[in-house]
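Undergrad: As you go down the protein sequences, you meet chains A and B in turn.
Those letters in the first sequence? Residues 1 to 547, per the numbering used here, in order.
Those letters in the second sequence? Residues 1 to 173, per the numbering used here, in order.
No lab work stands behind these hints, which were simulated from the structure alone.
Quick caveat: nothing in here was measured; it's all calculated off a predicted structure.
Even glycine gets a Cβ: it sits at the ideal position worked out from N, Cα and C.
It is possible that part of the hints are untrue.
Said to hold, decoys possible - Chain B stretches covered by chain A per the calculated footprint, using a threshold of three residues with CB under 8 angstroms from any CB of chain A:
1. 72–83
2. 110–124
3. 134–144
Claimed, not checked - Far from chain A by the CB rule (all over 10 angstroms, computed), these chain B residues:
4. Pro-30
5. Ile-49
6. Ala-51
7. Ile-52
8. Phe-54
9. Val-147
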Amino acid sequence: MIGPDEEARPDPLAGGDQARVIKLDGTAPSRAATIANDGEEQRTDPKGFIASGASLSSNMLLPLLALGYTFSSDGISIPFILSMFGIFLCAAMALAYLSWRRLTYRVGETDIRVTSGILSRQARSVPYERIQDVSVEQSLVPRLLGLVAIKFETGAGGKDELALAYLGEAEGERLRELVRERRDGQATAALASADGDAEAVPGDAGEVIFAMDRRRVLTFGFFEFSLAVVAAAFAAVQQFDFALPFDIYDFDAWQDLLAGPGAALYGMGAMAQVVGGIVAVLSLVLIGLVTGLVRTVLREWDFTLLRTPKGFRRRRGLLTRTDVVMPVHRVQALKIATGVIRRRFGWHSLKLVSLAQDSGGASHDAAPFARMEEIEPIVRAAGFDPVPAATEWRRGSLNHAKDAAFVTALLLLSIAGAIAVFLLFGGQDIARGYWLVPFGLLCLSGVLAAWEILGWSKRLNALDDHQLYFRRGILAGKTDIADRAKLQSVEISRGPIAQRRGYATLKLGLAGGSFVLEGLPVERAHELREALLESMTRSDFSVVVAA
Amino acid sequence: MDEAGAIEGGAIPHEGAVVERQDELTPLHPDHVKVLRISALFYLVPLLIAAIVFELIGFAPAGIFVVPVLVLAVLILWRVPLRRYHAKGYAMGSDRLRVVRGLWFRSDTVVPFGRVQHIDVHQGPVERHYDLATLVLHTAGTHNSSVALPGLLNETALEMRETIRERIKRDTM
Numbered sequence: 001m002i003g004p005d006e007e008a009r010p011d012p013l014a015g016g017d018q019a020r021v022i023k024l025d026g027t028a029p030s031r032a033a034t035i036a037n038d039g040e041e042q043r044t045d046p047k048g049f050i051a052s053g054a055s056l057s058s059n060m061l062l063p064l065l066a067l068g069y070t071f072s073s074d075g076i077s078i079p080f081i082l083s084m085f086g087i088f089l090c091a092a093m094a095l096a097y098l099s100w101r102r103l104t105y106r107v108g109e110t111d112i113r114v115t116s117g118i119l120s121r122q123a124r125s126v127p128y129e130r131i132q133d134v135s136v137e138q139s140l141v142p143r144l145l146g147l148v149a150i151k152f153e154t155g156a157g158g159k160d161e162l163a164l165a166y167l168g169e170a171e172g173e174r175l176r177e178l179v180r181e182r183r184d185g186q187a188t189a190a191l192a193s194a195d196g197d198a199e200a201v202p203g204d205a206g207e208v209i210f211a212m213d214r215r216r217v218l219t220f221g222f223f224e225f226s227l228a229v230v231a232a233a234f235a236a237v238q239q240f241d242f243a244l245p246f247d248i249y250d251f252d253a254w255q256d257l258l259a260g261p262g263a264a265l266y267g268m269g270a271m272a273q274v275v276g277g278i279v280a281v282l283s284l285v286l287i288g289l290v291t292g293l294v295r296t297v298l299r300e301w302d303f304t305l306l307r308t309p310k311g312f313r314r315r316r317g318l319l320t321r322t323d324v325v326m327p328v329h330r331v332q333a334l335k336i337a338t339g340v341i342r343r344r345f346g347w348h349s350l351k352l353v354s355l356a357q358d359s360g361g362a363s364h365d366a367a368p369f370a371r372m373e374e375i376e377p378i379v380r381a382a383g384f385d386p387v388p389a390a391t392e393w394r395r396g397s398l399n400h401a402k403d404a405a406f407v408t409a410l411l412l413l414s415i416a417g418a419i420a421v422f423l424l425f426g427g428q429d430i431a432r433g434y435w436l437v438p439f440g441l442l443c444l445s446g447v448l449a450a451w452e453i454l455g456w457s458k459r460l461n462a463l464d465d466h467q468l469y470f471r472r473g474i475l476a477g478k479t480d481i482a483d484r485a486k487l488q489s490v491e492i493s494r495g496p497i498a499q500r501r502g503y504a505t506l507k508l509g510l511a512g513g514s515f516v517l518e519g520l521p522v523e524r525a526h527e528l529r530e531a532l533l534e535s536m537t538r539s540d541f542s543v544v545v546a547a
Numbered sequence: 001m002d003e004a005g006a007i008e009g010g011a012i013p014h015e016g017a018v019v020e021r022q023d024e025l026t027p028l029h030p031d032h033v034k035v036l037r038i039s040a041l042f043y044l045v046p047l048l049i050a051a052i053v054f055e056l057i058g059f060a061p062a063g064i065f066v067v068p069v070l071v072l073a074v075l076i077l078w079r080v081p082l083r084r085y086h087a088k089g090y091a092m093g094s095d096r097l098r099v100v101r102g103l104w105f106r107s108d109t110v111v112p113f114g115r116v117q118h119i120d121v122h123q124g125p126v127e128r129h130y131d132l133a134t135l136v137l138h139t140a141g142t143h144n145s146s147v148a149l150p151g152l153l154n155e156t157a158l159e160m161r162e163t164i165r166e167r168i169k170r171d172t173m
């Protein structure tokens, strides 16, 4: 399908003609000179296909091993399985090589273009001024080969983002600088008359404003204890049980397994079972602790947040190093949060909301585990003000909390009632212990209703000259801060109950995040909307987001 | 069908005070009720067919399916569109557009012109028959990324689009 003459003629999709036009008239020769072969189609680094082949193979490693295991237990010879592995490895490499051969990129005057695809071709063009931030990622294998993956965040999200994997380290850095330079060059040229504060950060290059040393990362890891991982491990066991040599749900098989050393344990009676239970719980806790620690160390190792003239620059990661740059003026809102336990020790986290996505998350981690005193300078550097001490906090509508408590309680009570009716008339052979279920639900409904009412006293909002604050959470407080001028739309919405009980939900359009204030008294909702609209109409979108 | 006077004219009876702040809003074109009815009909047809089929099979007393469905159909075709129409409205300010809609779930959205990314004027086949159109404002917000205002005369929608476009300062292209 891919003949030798394929690469000789320019790909019709890649806009080869346009590339020539740009080269011929050469509107900005000084900038064009920063990269050799500028405006020409280039391939990514040749070593890249090894890295992507390796990552393709490693993704398939676990399923392959499981498959190999089942095959070998079915009596298929080991050499056959090994040769299958070999064929698969070759196929992965060949696929990686083909996609490398078929991917070209071109750094143009106004946009960056990538043409890719083995059979179906696609060409993507991203204009510089739409690039929100440029991130560099280095996972283990590419790092050993001296390669990087570059990602251009436009706010399109996920797979729609433009990525170049893999480039040489030097080429990657050069490309990133060039893209950033062109983008800012265009933006400042267009904005020159609009206002001067587009570059809010003073010119001191690369000042560290937040960093986490080893001790901090380890402490963070301990707080990241997660039972979710344990649950996931359990689920994985269920997923791959076909690979196990026995059926885990088969009681006889378990008895056979226990017949050896297990039988002795089984015979020791209640004492041993209690000890066994404690050991099981402890090992679960240990698994949760260790996975939390390992994940945190892998992700947050050597965390540094720099303030550069172009914005924030964050580096982190042990095996996979990432390097993300985000312009200060793209920060739309801030989220400060904490946890139930870590709050007692004074640890908080700060996230920056912008159109671009962080690896996996919707917002950028600016300081995942920090003291309030450390967060404050970052907040200021992002062009926001920390919550002033003298803020006039307003509460939401008490009716809203009451209704929420009522609805929650009603829901649980009706389930409890249904179960109780079933137990009453369901027949004689139902054990008495089952009555614990409706009783438990009864207690739970009381607790949750009280929780809603308590939550009301902690759900606060405030507005000052240029920021909107929203604070909530009973045990672990969360504070959101939005720039009044950077909101996109304001909606007041009211459901059937809210219309009768005099409260409303204020939903604010925010680029790249959500800002919803639930259960405001109607007057407060309208008051906030008028004030916000007044500050929003003073500035244009292009100044707010696209700048 | 497309007399301009129909917008102001009390062609459609107002059924009591539906919402607060309704007075300052511009109502939609009366033909929007017809559009709502016709689109409701599309949803009702399968239900009606099912009721008739059940009726013809005849395993239950006569009318047990058709009567409730017909009552429901009359309600959905006659009363609901009218009430929905009266719940809707918009207000075009000098620098913002306000769109109000919803009967049970009221929503009152304001989009400043300075935040509009792009504008669509959309016409479905039924809308086109009545020369109506839907104006859609797109913003960069994750919530309310598009705000639709249906039931405008096509002419009015195009006019509004031009007005809004003029007021958006030129983007940084």
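Undergrad: Would B:Phe-54 pass as off the interface with chain A, using Cβ distances and a cut of 10 angstroms?
TA: holds (30 angstroms)
Undergrad: Please confirm whether B:Ala-51 is truly not at the interface, meaning its C-beta sits more than 10 angstroms away from all C-beta atoms of chain A.
TA: holds (28 angstroms)
Undergrad: Once the closest CB in chain A is found, is it more than 10 angstroms from B:Ile-52?
TA: holds (33 angstroms)
Undergrad: Does the claim that B:Pro-30 lies outside the interface with chain A hold up, using a Cβ gap greater than 10 angstroms?
TA: holds (25 angstroms)
Undergrad: Quick one: see if chain A covers the stretch 72–83 of chain B, three-plus residues with Cβ-Cβ under 8 angstroms.
TA: violated (count 0)
Undergrad: Could you check that no beta carbon of chain A comes within 10 angstroms of the beta carbon of B:Val-147?
TA: Since the minimum Cβ distance to chain A is about 7 angstroms, B:Val-147 lies within 10 angstroms and the statement is violated.
Undergrad: Counting residues of the stretch 110–124 of chain B whose CB is closer than 8 angstroms to a CB in chain A, do you get three or more?
TA: holds (count 8)
Undergrad: For the stretch 134–144 of chain B, does the count of residues with a C-beta closer than 8 angstroms to a C-beta of chain A reach 3?
TA: holds (count 6)
Undergrad: Is the claim that B:Ile-49 lies outside the interface with chain A correct, judged by CB distances over 10 angstroms?
TA: holds (31 angstroms)
Hints 1 and 9, counting from the list given before, are not met by this structure.
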